[in-house]
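K.L.:
Go by the hints and put chains B, F and Y with the ligands onto chain R.
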Amino acid sequence: MSEKVTFTGHRGLDHEEQLIFERGRDAACGVDLPAPDGVATRLGGMERRGGVGLPGLSEPEVVRHFVRLSQKNYAIDAGFYPLGSCTMKHNPRLNEKMARLPGFSDVHPLQPTSTVPGALELMSELARWLMELTGMPAVAMSPKAGAHGELCGLMAIRAALEARGEAGTRTRVLVPESAHGTNPATAAACGFTVDAIPATEDGRVDLAAFEAKLGDDVAGIMLTNPNTCGLFERDIRKIADAVHEHGGYFYCDGANFNAIVGRVKPGDLGVDAMHINLHKTFSTPHGGGGPGAGPVVLSDALAPFAPLPYVTSTGGELKLVEDEQSSDADPFGRMVAFHGQMGMFVRALSYMMSHGSDGLRQVAEDAVLNANYVLASLKDVMTASFEGPCMHEALFDDRFLKGTGVETLDFAKAMIDEGYHPMTVYFPLVVHGAMLIEPTETESKETLDEFIGCMADLARSAKAGDKARFENAPELTPRRRLDETTAARKPVLRWTPPAPAQAAE
Amino acid sequence: MSEKVTFTGHRGLDHEEQLIFERGRDAACGVDLPAPDGVATRLGGMERRGGVGLPGLSEPEVVRHFVRLSQKNYAIDAGFYPLGSCTMKHNPRLNEKMARLPGFSDVHPLQPTSTVPGALELMSELARWLMELTGMPAVAMSPKAGAHGELCGLMAIRAALEARGEAGTRTRVLVPESAHGTNPATAAACGFTVDAIPATEDGRVDLAAFEAKLGDDVAGIMLTNPNTCGLFERDIRKIADAVHEHGGYFYCDGANFNAIVGRVKPGDLGVDAMHINLHKTFSTPHGGGGPGAGPVVLSDALAPFAPLPYVTSTGGELKLVEDEQSSDADPFGRMVAFHGQMGMFVRALSYMMSHGSDGLRQVAEDAVLNANYVLASLKDVMTASFEGPCMHEALFDDRFLKGTGVETLDFAKAMIDEGYHPMTVYFPLVVHGAMLIEPTETESKETLDEFIGCMADLARSAKAGDKARFENAPELTPRRRLDETTAARKPVLRWTPPAPAQAAE
Amino acid sequence: MRYLPLTPDDRQQMLGVIGAKSIDDLFVDVPEAARIDQAFDLPPHQGELEVDRALSAMAAKNTSAGSVPFFVGAGAYKHHVPSSVDHLIQRSEFLTSYTPYQPEISQGTLQYLFEFQTQVALLTGMDVANASMYDGSTACSEGVQMAHRVTRRNKAVLSGNLHPHYRAVIETTSKFAGDAVVALEADVTGQEDIPSQIDGDTSCVVVQYPDFFGHVGDLSDIAAAAHAQGALLIVAIPEIVSMGALRTPGDMGADIVVAEGQSIGNALNYGGPYVGLFATRQKYVRQMPGRLCGETEDVDGKRGYVLTLSTREQHIRREKATSNICTNSGLCCLAFTIHLALLGEKGFTRLAALNHESACKLAGTLEAVPGVDLVTPAFFNEFTIRTPKPAADVIEALAEKGVLGGVPASRLMPGDDAVSDLIIVAATEVNTDQDRAAYVAALTEVLS
Amino acid sequence: MRYLPLTPDDRQQMLGVIGAKSIDDLFVDVPEAARIDQAFDLPPHQGELEVDRALSAMAAKNTSAGSVPFFVGAGAYKHHVPSSVDHLIQRSEFLTSYTPYQPEISQGTLQYLFEFQTQVALLTGMDVANASMYDGSTACSEGVQMAHRVTRRNKAVLSGNLHPHYRAVIETTSKFAGDAVVALEADVTGQEDIPSQIDGDTSCVVVQYPDFFGHVGDLSDIAAAAHAQGALLIVAIPEIVSMGALRTPGDMGADIVVAEGQSIGNALNYGGPYVGLFATRQKYVRQMPGRLCGETEDVDGKRGYVLTLSTREQHIRREKATSNICTNSGLCCLAFTIHLALLGEKGFTRLAALNHESACKLAGTLEAVPGVDLVTPAFFNEFTIRTPKPAADVIEALAEKGVLGGVPASRLMPGDDAVSDLIIVAATEVNTDQDRAAYVAALTEVLS
Ligand SMILES: Cc1ncc(COP(=O)(O)O)c(C=O)c1O
Ligand SMILES: Cc1ncc(COP(=O)(O)O)c(C=O)c1O
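Residue numbers (this note's numbering), protein chains in the order written: chain R, 1 to 505; chain B, 506 to 1010; chain F, 1011 to 1458; chain Y, 1459 to 1906.
Rather than coming from a laboratory, the hints here were simulated on the basis of the structure. The beta-carbon is built from N, C-alpha and C at its ideal position, and this holds for glycine as well. Hints may contain errors.
Said to hold, decoys possible - Sample of chain B residues facing chain Y (criterion: CB under 8 Å; computed from the structure): (1) 514; (2) 517; (3) 521; (4) 524; (5) 526; (6) 530; (7) 532; (8) 539; (9) 543; (10) 546; (11) 548; (12) 564; (13) 602; (14) 605.
Chain R with its partners taken away, still in its complex shape:
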């Protein structure tokens, strides 16, 4: 609560921190490695020319640097992080511990398979959980994140079309307007053209518009369910049937599986392929942007085309199939070196086993309950975009800010000063100035009540004309609003040594 200016620039516990490149000294080093013995080299004359240019720092300096950087971040562990579509739930430390067991973390993907039976067991056990929970007969484990899973699913669809001799003609993929950006991007990367389907007033796929778009050139639909408005696609079974009738496939974006796990099996909805974000539904940590994992469950129609590698079980014996020669099926190819995100598999299985069948159902119920509680509590102070119950996230738009001069972004920034990570903003695109709030099931009622109180207070402020609270926000953060325009116009993407002082001309 002070305008106090400090000499150092540090402010109590909040430290300014330079780049490592600005602190390094040539002679300093943060490791102790023995000197080489001096055996003759065999580099074939390919020795590196010149130095690398890395800064030298001792271990204490490196530790302090990164501790200080961490202190400039918001995190789930520190506060409420209702970032819609991202499922920022609690990340249990048990999972971290399990992933670090040397039997999982310190095994090489190409060491003899005979030396890693436990790794195959883990993959196959996780696969069993995923298939059982989704009611699907197969799962491709290797995709490295949700978008990669989407690619896997679309490739499987395309491979199936090829097998039917229709890959050349079925090139159109239907994608609702509300879809996550990865959906159209993936379809395009897989060689399809993207055809957008509009949404209805109530936030779902416009069934009539959808049906009108069906035809012989349709490869399939990419539908998110629950969708990015946080709503269950009521007509999903009809959509699935229609797309199937027209010879297409149903790709379901399962990023929001969190909302229905244990209560709905996507297999019962006519899904042909669906990726699961282990880093959302099954709580592998988001790590500042990754890594994730995106296994894809597949229907009988697509299962034969699942990519390499995969684990099969015959009479309880597990086998890793890594190449076409050893495969009984028609794998469409390979998406990645090695076998997928083992480290994430361990964490996800640890999470699933901890919750069990009963707990996972409770996860969905509590996630949905929390979202509806927020929706019900805020619908009179903010503007809810749609009627009726939502699933795991509550969507608001900026109509309640009309005439206040406050925009969605300003509202979000004011939340930061209040100690919250903002919800997802401006997504989905189907409503204006979207605010997508996903509390997740790991938040308490107390936390939600405090949050609701704060949102109501902010809404009141905005309506009362207290623009300064929003325009100047955030004011209490390590940095205030940053100039993104200049950043993009004149990109500075790396540190470069300061130019030596110019000689006078």
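P.N.:
Positioned in the frame of chain R, the structure of chains B, F and Y with the ligands alone reads:
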């Protein structure tokens, strides 16, 4: 830089946090334990009456609670922490990892000794390092911290006096005025009377005054070296000889061994007993107040009286001696259940092995160099208490603040706003308004330069009459100055449930 | 060297500023005879990999509790600690800070200490608790010293069934402080007559609960007898988990309760670091040893916490302090506080029930082994059996079969022939049916 | 259930506020036929201890690299990672945050990404790098797609000595995207003639460096040949540590450099998560895939960092995006950045020298085993040997003797008879004299 008041009380990344007792709900729980099978109990009618009163919280709530609390703390990892006498040096994470190896962390002190040969090996190896570095023939490993080590040393002295039949007469212990509070407290706890020796103008023991105090009733002297003014006791050898001549023993407080390790062996100085704070010199982490470990090296005169338990080696075979029956010596008793701070032993040995013989010497040299650099750089802006080079810490007093209205405490609080943990203040007692700065060897020149710049700026401010910068400080912290008087006058030492609302009278 | 930031250049520049020619100039005050130049008989510095390998090799020689059927207790217990505990205590801000001398930037430590004090008071049924002692044994000895201060007497009466190490620590401390100790003989039946030992000179009675052999019994009569003579009752609890199932000492009239807190949040660590709990009645607060954290307000009126009543402590009171303790068990308190926060009321009481049940199951099967007698009819998670062979030999033989079956009483009471056939056996929530079956099978073999 | 804060009471109250009778009311939109009430064929929830035991038992069935003489590489490498790396990446503020969409409270993540980008550019000798891809193989495939965009052509020429998995990923992606791939045959001698394959339709040439068999050779001629045809040179580096010893691709004219960053900071993890490095020339920046972090200022004029050039990305550009990547390898970047910061110039170049020396020593001893030929005269830390018995059998036999001796080329090139007697052997700083001796002894036995 904002006076902004928030609705939630949170301020950006800085969250207000209630007590766990204020958040708990009866039905919540942060662990999943199986239900008991219902076997008949055998508690003999001693069942607990009534509940415990503990709050129920889920794991996510507990994690967030303690993460938030942590964010209200200053730490070495985050910034410069020149707390004199405490040796706040870098705590390598390797040591933490080693201490958590199941072979060290998951072994029980009373499991058969035949199942823990590695534990005995570790204790004996650490003992070897300590004896070699100090040049002393024996070490008692079990004391749990520095003060406990002092007690161990004084008990050994008393036991030796007893063996000589002089325990009844030699009851006075000489303790310099500058000594750490634990010294006189320990002497008293061990049944001695404490006789204070004054300091000279140059911050050392007044040799004449000391010699005048020697006599038949003197059990020994407790001398800190380097002393708490950060100075080497030049006359230490003379003091040792004099006390020995008069039939007393020389207890050396080795809390500052950090300054001389690898360059001076206390054994060469005539020391009879000296504790070593593993949590200072050998970097076991301070942990918000502990745990530490305080092994005590002993001279030949005192070695026979070392307490139980101890490890002996006969022909390379290690044996744990736990009771008098099995001891060949005259242990004065036992200071603690089990065998001492094994977890700290592992960390300390890991630290020592990492530095090696060469590195430990460099530790002392760099610690002393850093302190002298601070002393030399600040002696003109602040008032250095003594002339000449210091050892590992630089002592200033408040003469430079005279007439400014700023006191040592205010000066310290202003440093907090600038991003520093203050030095030790008002200790040692031999100078007025003491400021004892111990940079340690794990700070870079860049950090010291920034610190020196800031201290100079603060000193200038004080002299220029900018009292507000000091009186109001700290302003940028989770809490500002706290009312310690009321805290002590009406102590509230625990949470109690709020009283139910009073009925109207 | 990876932990040292100064480069040779830095050192040169700094010596220049100081005005010293070489580093030796800064060590001028060291008497010449004591300046060392020869190398030590110690290896040079090593990298992480090398140190890791050497220490891992040492660790691998030890049999860890988690790797075998494990039933060793007698003052330290194998429990499962949730992984978030160890994660949280390693946060830099907890691990690498020190005693909260500057409360404005130490509220994290101070608040958890306040929570810790509250938890300890609740568990023991007492009014107040301090911010920790080194461990249970030293806490117990501090309790005796405190009783002496409160009563202005100096004779302590110790139950014979007090942990022999606790007793030894008290005896050692008392011997040098010039205090008297009356220590009773061990009584395997748990029937010792303590009240008759209390007289007008007695400052305190120290009993363990559950006692060394595992007995649990009502302490109210002892409390009454002590109070009648103006003495205090000190109760020592080596297994704090028992407080989830048993009547509290506070409820039975204890004046000081000391405990070993290791079971909650802390690893076995071959004996340390552990955390000593220390609780008492409100009226004795100013005689307590150790640090205390108290609630207060800052200049803006916000609630905050500070160390308080420091005038009891060595750094203020010096030779008149209530204790010489300085560094305590901070991080172990934190582990305790976090684990207990995770457990909460439901978890803690259930944990206690599971421990008791585990012990009941084990006692039931061991009793059935031919030749084995159960000595303790009522117990919490630890009991004593009598075996037809010397207990020390039995334990060694069991260890050879890969079962760590308990502590032979003779290890801790080496002179006492009456206990040479007794094994103190602990069971906790980590023991499985297989563990118990392995114990019974191995014991049956060893005794046959 | 320990991760769920809502109590039954909470749920009731909340349903009340919502105006729902039961939780089922909130699932009304689910078609009735799809509502599940029966239980799954899965176990119920379990405590930490039970889960820990089950997973630990699985893990214990695997032979970990650190427990045996270990020489497996071919795209993933066993290195020592300093303990502070894993400690720091587990800090809550790094581990439990997401993509830095709100830069004001994400400067920690953004600054390390900026440092990461700079490090990658320095290592590869390129101008700029992005904030990571999933791994080396997907980065490589993204490189090909980018080259197509830059050149507006769609034919890639792949060296036959490109890692077969990398090749497979490119082929798979290209097949569906409708792009052409010309993949050469593997050439064990490392002498393949790439320039002759480049024509006016070629968008890019992809070569691996060191190549799959370990060969290192000058790429300048390939670069020149590619550039002469208007094509780009893409260099894939599976072992980034090599950049501490070898000439950089940037130095030899590469246009895009992709690499597997696992070796720095990241564990083997049985294949993932890893971190894909992606660097290029400044002029191609706007065609790059993935996230970019850039420097800017805040409204107070303080330096800060933001995600930038987002108009390339899927969330803005949708079907016109340069890639579909969203979640990337954030935390693995952090591990990379920290480890490399610890190494610094001195440590990184020494690490490379030690790796090379370890491989030279091993090659020297293996060459001397009767019947074994060294196929790669020049290499970094990985080389290929020819054995007189089928390589796959040799490796299996070595494994039975407790030595993990490398990767039989046939595992990755199953159709190719020419490689059936080749073993790709990696050596790093973790290998000791004993490891090498164990390998030689076992191999000698296996081959005799
Ligand atoms: C609805 C939806 N689909 C797909 C994705 C892409 O998943 P990932 O980021 O793991 O690639 C996301 C993630 O943000 C998402 O929210
Ligand atoms: C000079 C000196 N002596 C003794 C001690 C006591 O050590 P400990 O805190 O480990 O009991 C200290 C610690 O603060 C000290 O600085």
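K.L.:
Evaluate each hint against the coordinates.
P.N.:
Verification of the hints:
no. : hint : result
1   : 514  : 17 Å, violated
2   : 517  : 7 Å, holds
3   : 521  : 17 Å, violated
4   : 524  : 17 Å, violated
5   : 526  : 16 Å, violated
6   : 530  : 5 Å, holds
7   : 532  : 4 Å, holds
8   : 539  : 7 Å, holds
9   : 543  : 18 Å, violated
10  : 546  : 22 Å, violated
11  : 548  : 24 Å, violated
12  : 564  : 5 Å, holds
13  : 602  : 5 Å, holds
14  : 605  : 10 Å, violated
The structure does not agree with the numbered hints 1, 3, 4, 5, 9, 10, 11 and 14 stated previously, though it agrees with the rest.
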